[in-house]
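*Asks:* Kindly produce the complete structure, drawing on both the sequences and the hints.
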Amino acid sequence: MTPDSRQSLVSLSGVAKTYGSGTLALEGVSTEIARGSFVSLVGPSGCGKSTLLRIIAGLIEPSAGKISWPLNGGARPADIGFVFQDATLMPWARVFENVYLPLKLKGVSRKDAEARVGEALQRVGLSDFAAAYPRELSGGMKMRVSIARALVTEPPVLLMDEPFAALDEFTREKLDDDLLELWRGQNWTVIFVTHSVYESVYLSERVLVMGARPGRVLQDIHIDAPFPRGRAFRESTGYVARCAEVSAALREGAEA
Amino acid sequence: MEDSRAYRIFLPLAVGIAFLLLWEGLVRHYAVPEFVLPAPSRIAQSLVDNFGSLMGSLMVTLKVTILAFLLAVVGGVGLAIVFSQSRAIEGALFPYAVILQVTPVVSIAPLILIWVGFDRVELALLIIAWIVAFFPILSNTTLGLRSADHNLRDLFRLYGASRWQVLSELLLPSALPYMLGGMKISGGLALIGAVVAEFVAGSGASTGLAWRIIEAGNRLDIPKMFAALLLLSALGITIFFALSWLEHTLLKRWHESALRREA
Chain A
1152 MTPDSRQSLV
1162 SLSGVAKTYG
1172 SGTLALEGVS
1182 TEIARGSFVS
1192 LVGPSGCGKS
1202 TLLRIIAGLI
1212 EPSAGKISWP
1222 LNGGARPADI
1232 GFVFQDATLM
1242 PWARVFENVY
1252 LPLKLKGVSR
1262 KDAEARVGEA
1272 LQRVGLSDFA
1282 AAYPRELSGG
1292 MKMRVSIARA
1302 LVTEPPVLLM
1312 DEPFAALDEF
1322 TREKLDDDLL
1332 ELWRGQNWTV
1342 IFVTHSVYES
1352 VYLSERVLVM
1362 GARPGRVLQD
1372 IHIDAPFPRG
1382 RAFRESTGYV
1392 ARCAEVSAAL
1402 REGAEA
Chain B
765 MEDSRAYRIF
775 LPLAVGIAFL
785 LLWEGLVRHY
795 AVPEFVLPAP
805 SRIAQSLVDN
815 FGSLMGSLMV
825 TLKVTILAFL
835 LAVVGGVGLA
845 IVFSQSRAIE
855 GALFPYAVIL
865 QVTPVVSIAP
875 LILIWVGFDR
885 VELALLIIAW
895 IVAFFPILSN
905 TTLGLRSADH
915 NLRDLFRLYG
925 ASRWQVLSEL
935 LLPSALPYML
945 GGMKISGGLA
955 LIGAVVAEFV
965 AGSGASTGLA
975 WRIIEAGNRL
985 DIPKMFAALL
995 LLSALGITIF
1005 FALSWLEHTL
1015 LKRWHESALR
1025 REA
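Which chain is which? The protein sequence lines are A and B, in order. All residue numbers for the first sequence refer to this note's numbering, where the first residue is 1152 and numbers rise by one. All residue numbers for the second sequence refer to this note's numbering, where the first residue is 765 and numbers rise by one.
These aren't lab readings, by the way, just hints derived from the structure by calculation. Watch out, some of these pointers could steer you wrong.
Here are the simulated lysine-lysine pairs, DSSO-like style, with alpha carbons at most 30 Å apart [as the list claims (entries may be wrong)]:
hint	chain 1	residue 1	chain 2	residue 2
1	A	LYS1217	A	LYS1257
2	B	LYS1016	A	LYS1255
3	B	LYS827	B	LYS948
4	B	LYS1016	B	LYS948
5	A	LYS1262	B	LYS1016
Stretch by stretch, here's where chain A covers chain B in the computed footprint (C-beta under 8 Å, at least three residues) [as the list claims (entries may be wrong)]:
hint	segment
6	910-918
7	924-930
Owing to the predicted nature of the structure, the values given are computational and were not obtained by experimental measurement. No residue lacks a Cβ here, since even glycine has one placed at the ideal position from N, Cα and C.
*Replies:* Here you go:
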């Protein structure tokens, strides 16, 4: 399936960001992200990948260019799931309260939210930990709570900013697989920022390779391996070849 | 854990008892006159003899201290919340809060007494104690409200949280440990403020513990001075432990400061 056959969820044209200090964080990014796709932004630090994600989320205003959401009449959807690099949980609140937060802020009563929070926790395999405090959980479990919180509103798009970067390799691979399973089970779009070439190739249908100074998209690489992907894919020559392709694109950007 | 508890309670207690015994022994052995240094047993006797008047004074000081402290909490937290909502107001007012804090309270106290009038001396005491206790809560809470996690702030923005929701769900819980730290400092300062104010008011206008100390000093009743001092210390210790307990109770489940780690 080529991404073009699906409707475009978000459309970027000439999106640029200059910070107050005059640093050009991002120049002229134009791309379409199809509904239901899994897209990774990969690149070195300072390539503006997090900035781009925050612009898509509406947390940062672009200095130039336009973002539109064709499926939502052009406007940004009210529900956007966002997962930060650290779990960003409220330490004073139990897991249930943390996951309930987005619904609470939208005025959903605790009673009405209970089932949805329970379902979100079940999806990430933490049903038994609703009453725990974040400090009682491991790094991987905290990240699952963070994902459950992002999913509880059933957003059309999930934005993830290097979510597993601080985790150990085993936990990260497990969460990668869980994330793919969640993605395949629902009709979301995932935009995933990472600095790991391997992770981006494993997860994505499409990898946007970014370069630094100024931040820009260097190449748009399609990873056409079928889903579900598993250990077999991780160990296949096809996987290695695609990783090499992404790495080569990154190197090219670094030398240019 | 058993060990650490025993150490924390019994070790200082044993030191205290040894100190008192040594004090008693030395005073008796060298026959130190009572108006230079009374023996602990003599102080205890004075405490019993003057129990009625000292307890009445304790209540006066206690009332001023607690009221000043509560008003400092309400005022300090309230003003810090106003500051968190508007940088302009913070910029405009914070310097004056600092001036109020750095000006030695002893030097403003006579002025306040004159303004309020000696017929309403308790109100004057309250204002002076409040001025001393107010600032730590204001400055700590202001810092705490600013220390909320920036990603969490972004998350609240993303979900369209109202100002009130950001304040009640994010800023205040983040500021709680700072607020409690400020309260612990202010609790002691409120007592100091009350005592200083009584000293300045002097001359029988006030009937708190500090006044008993001055009165007993003027009469060279040194054991009674010590007895009043003992009650003041006990009051200060009680306030400190009460606030420590409050802090521990509110933070024990989640804040690093209250967690016990296995060694």
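*Asks:* The structure should be examined with respect to each hint, and the outcome stated for every one.
*Replies:* Hint by hint, here is what the structure shows:
1. A/LYS1217 - A/LYS1257: holds, 27 Å
2. B/LYS1016 - A/LYS1255: Roughly 25 Å between the alpha carbons, so the hint for B/LYS1016 and A/LYS1255 holds.
3. B/LYS827 - B/LYS948: holds, 18 Å
4. B/LYS1016 - B/LYS948: Distance ~16 Å between B/LYS1016 and B/LYS948 Cα, so the pair holds.
5. A/LYS1262 - B/LYS1016: holds, 28 Å
6. 910-918: holds (count 4)
7. 924-930: holds (count 3)
Violated hints: none; the structure is consistent with every hint.
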